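J.: Residues per chain are reported as follows:
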Amino acid sequence: MIKTFSYPLSQLFRRGLSVALVAGFLSASGQDEAPLQIDLDNFPGEIVEKVVVPIPAEIFAVLDKLGEPNWGSGIKLPSGEVSANDRSLLALTFGGLVAEGFIAVQAKDAEEIQKIGREVLALSNALGLAVAVRPHSLSIIEAAGDKDWSRVRDELDSTQQTVRETMEKLRDDELSNLVSLGGWLRGTNVVTVFISDSFSEDKAELLNQPGLIIHFREVLEKMEGPSSKTPAMRAILVGLARLESIIGSLETISEEDVRQLRDITRVMLEEFYYEKSDSAADKAGN
Amino acid sequence: MTRYFNTFTQRFTALLVVFFLAGGGIAYSFVNEAISMAFEAATPYVEQGFEVREDTWSGEVEPGKPLLVRHQLFRGNEYWFWAGTSWPGATVKVDIFDSEGQSVKLEGFVKPPPKKDQEFSEGSYAGVRTLPGKTATYFVRVIVEFDPEAAAKDAKLQGFNPAVDGVGEFTGTVDWGLAYGYR
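Protein chains in written order, with numbering that gives the first Met the number 0: chain F, 0 to 285; chain R, 0 to 182.
The shape of chain F in the complex, shown without the other chains:
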């Protein structure tokens, strides 16, 4: 269970720095063989290509420490119909739905979690993965009934992992990456909504994730097949480029930047998760 308390990050950082100095002293005194510095530009080994995308709960945990947002207001299940023929959109929606589950866990809303558990199963059926997902879906529903939030979080993570691994075994790595992208996008959007409502630089720093944005852009650019050329995929790629132009060039993220990130991610989600609204597109400058 994640402890929730209000604690300024700057104090957490100072405390961490003190411990780091002690650790550094121990290291220098020979009790530890770890080098204090390595040359990342001339690393004498192998760079691991795989990118593990953080789950939304990792960011939510920090937001909770900075003052608990009204998580219940953040739950917004998809309203639109997804074409069962477009597996790319289904994969993105699946990731978004799992992220929705993480939001509902923060809100400790058992009813919504159970609803999401059932939606997850329905969507996995459309993806042809119901056999693999059913046990997870049932566990999510059961754990929510028991109000075992930590277990729900574990099951949501397992569900996404099972789906991604199953897709990779079927040599469908593109779809697997889209599950991660859908989850990241939905998680980032809700975080930008909460930070816009109650801005602080500590909270805005959570959005400093240029490496992940570049990763997702590269994933979409490398996509092959008819799905990669759909208007929805092109719009999402444009959205990622716009996010990168804001986050990649900044030392600190301002309140206005957060609002832009919120509107851009909303427009991107409207390509597969929410119904399109003109106001969001206008705000995002489309």
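Distance ranges between label pairs, derived from CB positions:
{"hint": "1", "chain 1": "R", "residue 1": "61", "chain 2": "F", "residue 2": "224", "range": "31 to 37 Å"}
{"hint": "2", "chain 1": "R", "residue 1": "168", "chain 2": "F", "residue 2": "42", "range": "26 to 32 Å"}
{"hint": "3", "chain 1": "F", "residue 1": "137", "chain 2": "R", "residue 2": "46", "range": "23 to 29 Å"}
{"hint": "4", "chain 1": "F", "residue 1": "276", "chain 2": "R", "residue 2": "172", "range": "49 to 55 Å"}
{"hint": "5", "chain 1": "F", "residue 1": "228", "chain 2": "R", "residue 2": "172", "range": "36 to 42 Å"}
{"hint": "6", "chain 1": "F", "residue 1": "49", "chain 2": "R", "residue 2": "63", "range": "18 to 24 Å"}
{"hint": "7", "chain 1": "R", "residue 1": "47", "chain 2": "F", "residue 2": "172", "range": "33 to 39 Å"}
When the alpha-carbon atoms are kept at most 30 Å apart in a straight line, the in silico DSSO-like pairs for lysine-lysine are as follows:
{"hint": "8", "chain 1": "F", "residue 1": "64", "chain 2": "R", "residue 2": "133"}
{"hint": "9", "chain 1": "F", "residue 1": "49", "chain 2": "R", "residue 2": "133"}
{"hint": "10", "chain 1": "F", "residue 1": "107", "chain 2": "R", "residue 2": "133"}
{"hint": "11", "chain 1": "R", "residue 1": "110", "chain 2": "F", "residue 2": "49"}
{"hint": "12", "chain 1": "R", "residue 1": "64", "chain 2": "F", "residue 2": "168"}
Cβ-to-Cβ under 10 Å is the rule here; a few derived chain R residues that face chain F:
{"hint": "13", "residue": "51"}
{"hint": "14", "residue": "73"}
{"hint": "15", "residue": "94"}
{"hint": "16", "residue": "96"}
{"hint": "17", "residue": "104"}
{"hint": "18", "residue": "179"}
{"hint": "19", "residue": "182"}
Source of the hints: derived by calculation from the structure; they are not laboratory data. Small disclaimer: the values here were computed from a predicted structure and weren't measured. C-beta: ideal position from N, C-alpha, C; glycine also.
Let chain F serve as the given structure and place chain R on it in line with the hints.
T.: Positioned in the frame of chain F, the structure of chain R alone reads:
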């Protein structure tokens, strides 16, 4: 050089599963033993409130060749990274650095301890803890050390049985896995 099995039943079962699946054409996932070692290292920290991620990194690597894993961390969370190898006689080490290459390790452990290389083990795991100073990409370095000759000698001294000829022999790489948790 021969790889030594002392968990013969476990490995024999895995071998049977391989034959079964090869014959039946069924796709099931195998237990990744290096990741299992990493998760074993993580177990005590779950009780301390760490949420351990299902998604992990793993593969094969030449002994002594460092691996570098990039990962996004968030200021305000505390992280443990756990690395593992199931290779008998190998030792794994894990460290963490920021984008400038500066160590941000607060504490760590290695099992078995690297200086007691006379201790033969079934595998090894290690951990490193950090509190990121800022939200950014960090770099986790994993190194698996293994000396085939020394490992064979230590194994023989401690009464471990050699593997069946041709099975489990050291062919130049060892397995590795990396997991992490946050709170």
